[in-house]
Each structure stands twice: as C-alpha cells, then as structure tokens.
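> Here are the chains, one letter per residue:
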Amino acid sequence: MKGKGSSNGHKGKGDDGSNDDANGEEVRKPRIRLKLSSSKKGTPTVKTTEKKTASAKKRKATPQKTIGNASKRARTSSAKKPSPSSSDESDDDEEDADESMFDVIQLQTEFDNLDGTWEAARDFLVRQGVWTLPAVIESKFEDVAKITLTNISK
Amino acid sequence: MLRRLHSPTYPSKWLDCDLVCIVSTFLHLNPSSIIIILCRLDSYDIFKDPVTESEVPGYHAIITRPMDFGTMRSKVVQGKYGKGSNAAAKFYNDFLLVFDNCHKFNGGGGEVVDEAMLILRAVPLTFAKACQEVMRSN
Chain A
2 MKGKGSSNGH KGKGDDGSND DANGEEVRKP RIRLKLSSSK KGTPTVKTTE
52 KKTASAKKRK ATPQKTIGNA SKRARTSSAK KPSPSSSDES DDDEEDADES
102 MFDVIQLQTE FDNLDGTWEA ARDFLVRQGV WTLPAVIESK FEDVAKITLT
152 NISK
Chain B
95 MLRRLHSPTY PSKWLDCDLV CIVSTFLHLN PSSIIIILCR LDSYDIFKDP
145 VTESEVPGYH AIITRPMDFG TMRSKVVQGK YGKGSNAAAK FYNDFLLVFD
195 NCHKFNGGGG EVVDEAMLIL RAVPLTFAKA CQEVMRSN
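Protein chains in written order, with my numbering: chain A, 2 to 155; chain B, 95 to 232.
A portion of the hints provided could be inaccurate.
[Unchecked claim] Coverage of chain A stretches by chain B, computed from C-beta distances (three or more under 8 Å per stretch; other residues unrestricted): (1) 105 to 118; (2) 125 to 131; (3) 141 to 149.
[Said to hold, decoys possible] Across the chosen pairs, the derived CB separations fall in these ranges: (4) Val105(A) - Lys174(B): 26 to 32 Å; (5) Pro151(B) - Thr110(A): 40 to 46 Å; (6) Glu143(A) - Glu205(B): 30 to 36 Å; (7) Thr110(A) - Asn187(B): 21 to 27 Å; (8) Val127(A) - Lys142(B): 21 to 27 Å; (9) Gln172(B) - Gln107(A): 19 to 25 Å; (10) Val105(A) - Ala155(B): 20 to 26 Å; (11) Glu143(A) - Gly201(B): 18 to 24 Å; (12) Val105(A) - His154(B): 26 to 32 Å; (13) Ala136(A) - His154(B): 26 to 32 Å; (14) Phe112(A) - Glu205(B): 39 to 45 Å; (15) Ser140(A) - Glu147(B): 26 to 32 Å.
[Claimed, not checked] Calculated cross-link-like contacts (lysine to any residue; reagent style SDA-like; alpha-carbon spacing at most 20 Å): (16) Lys142(B) - Arg159(B); (17) Lys169(B) - Ser140(A); (18) Lys174(B) - Arg159(B); (19) Lys141(A) - Arg167(B); (20) Lys184(B) - Glu143(A); (21) Lys147(A) - Lys142(B); (22) Lys142(B) - Phe199(B); (23) Lys155(A) - Leu212(B); (24) Lys155(A) - Phe199(B); (25) Lys147(A) - Ser168(B); (26) Lys141(A) - Glu205(B); (27) Lys141(A) - Val171(B); (28) Lys184(B) - Asp124(A); (29) Lys184(B) - Phe103(A); (30) Lys198(B) - Tyr153(B).
These are calculated hints, taken from the structure and not from any lab test. No residue lacks a Cβ here, since even glycine has one placed at the ideal position from N, Cα and C.
Full structure from sequences and hints, please.
Below is the structure:
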C-alpha cells in the first residue's frame with residue numbers, strides 16, 4: 002500500500018525507480034511498459050530514423066530525379082535544337098576531314114604506316130570521304146585533276 | 095587488267111637479271127640505271143587506257159562501268175566533271191571505280207592487284223600534293 006500510496010503520493014512527482022524493491026513485479030510491469038513504451042517510443046524513433054532515412058533517400062532521390070529530369074530536359078532541349086548543334090558538329094567534322102585531306106605530313110605518316118593489303122590502301126582513300134577543294138582553289142579543279150593524274154601515272 | 099606492268103617500286107620484279115646484265119654490258123651502262131630507265135618507260139600503264147575487248151575478252155561482261163586514267167583525263171579536259179568541289183567528288187568516285195573494277199576483275203589477288211594497290215595507296219597523297227601545288231601557284 003505504501004508503495005501504492007507512496008506511488009500514489011508520488012504520482013505527481015512521477016514514476017521513479019524508488020519503488021522497485023517493494024513491488025518488483027508491479028514495478029517490472031511499468032518497466033516493461035516503460036520498455037514497451039520506450040520500445041514504442043523507440044519504434045517511432047526507429048520509424049522516425051527510417052522515415053528520416055527514407056525522407057533522406059527521398060530527398061536524395063528527388064535531386065537525382067531533378068538531375069535526371071534536368072538531364073532529360075537538357076537532352077530534350079538539345080533534342081529540340083538538333084539542327085544547330087548537329088550542324089556545328091558536322092561542320093567541325095567536315096572541317097577536320099578537310100584539314101586531314103590536305104595535310105600532306107599527316108597523309109605521308111598514314112601512308113608510311115599502311116600495311117601491304119588492298120583493304121588498308123582502299124580504306125586510306127575512302128576514310129577521308131569524297132574529295133572537296135579548298136575554297137582558295139575552288140575554281141581550279143581542272144589544274145588539280147591534271148596534276149593528280151599526271152603524278153599518279155608517274 | 096591482265097596486262098603486265100612495271101613498277102618503280104619493284105624494279106627487279108619483272109626484269110630478267112641476265113637480260114639486264116647483257117644490255118648494260120652492251121650499252122656500257124650501270125645495270126641499275128637500265129632498270130630505272132625501263133621502269134620509267136613502263137610505269138603504271140595499267141590504268142592508262144581503256145581495256146578493250148580484244149585485249150581482255152569478257153572484260154566488259156564482268157565490268158559494266160569501266161574506267162581508266164585516260165578516260166578521266168579526257169573528261170577533265172572536256173569539262174565533264176563540272177567545276178569546284180562537285181567535280182572533285184565525281185573525280186574521286188572515278189578513281190575509286192578504277193580500282194574497284196581492277197579488284198573485282200582480278201579476283202582480289204595476284205600481281206596486278208598488288209601493283210594496283212601501290213597506286214591506290216598513293217592517290218590521297220597525290221591529290222593533296224596537287225592541291226598544295228595549285229595553291230602555291232595561286
């Protein structure tokens with residue numbers, strides 16, 4: 002009863018561990034309850050941590066999504082504007098091809114590195130694509146063609 | 095395309111060494127100079143003129159679009175390629191046609207194809223050098 006009374010008397014002060022020796026079982030129950038409560042409290046904490054992690058994941062996920070979306074947007078934006086970018090790239094490629102087409106030193110190096118097969122020789126010709134003339138000598142095709150034929154026949 | 099050819103890259107390939115020695119002794123010349131002279135005279139005539147049916151019977155049955163350097167030269171002179179880069183593209187395609195015909199007719203192997211390969215590999219460099227020469231002359 003003391004315990005109860007005291008417990009009752011100390012209700013307002015709260016449940017401390019002072020009554021544990023008198024009624025162990027009764028005390029254990031609250032302990033269990035406390036444990037349960039703590040476990041209950043813990044579970045929410047766990048849940049909260051889980052929620053936190055989940056929310057963190059979500060937070061992490063959402064930026065990834067946003068990144069993904071951004072990349073998608075970027076892709077779509079790039080896809081929406083294919084003509085300038087692709088034309089720029091193609092222009093660069095064409096310029097590179099043109100440069101390599103008339104770079105005698107580079108061609109000589111490639112020529113020296115050719116193996117003695119027909120496929121390699123044909124690939125050497127085909128690789129650079131169809132011939133074009135530099136803008137400076139655009140009107141001088143006949144001269145270029147004649148010199149080419151003369152030199153190739155030597 | 096079955097015509098035998100002489101290449102400066104393989105001078106001793108087609109020449110009989112004994113014959114060269116006899117001629118060089120008779121003419122009092124160095125055998126190597128004889129080889130060089132002969133090779134210069136006979137160099138790369140493999141694609142010089144169109145292949146005729148009398149030369150190679152059945153050639154035109156296999157090669158439906160024959161092409162050679164002589165025909166290309168006449169097309170250049172007559173202006174059949176046109177002008178500018180468009181003409182250069184057609185000119186390139188004719189070059190490719192010449193070598194593809196050779197490879198097709200000769201079955202992808204043999205001495206003729208080996209010799210044609212040596213010309214083929216020189217084409218890009220020759221065109222680039224021709225462009226440079228014309229640019230310099232401008």
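> Could you work out which earlier hints the structure fails to respect and list their numbers in ascending sequence?
9, 10, 11, 12, 13, 14, 15, 24, 26
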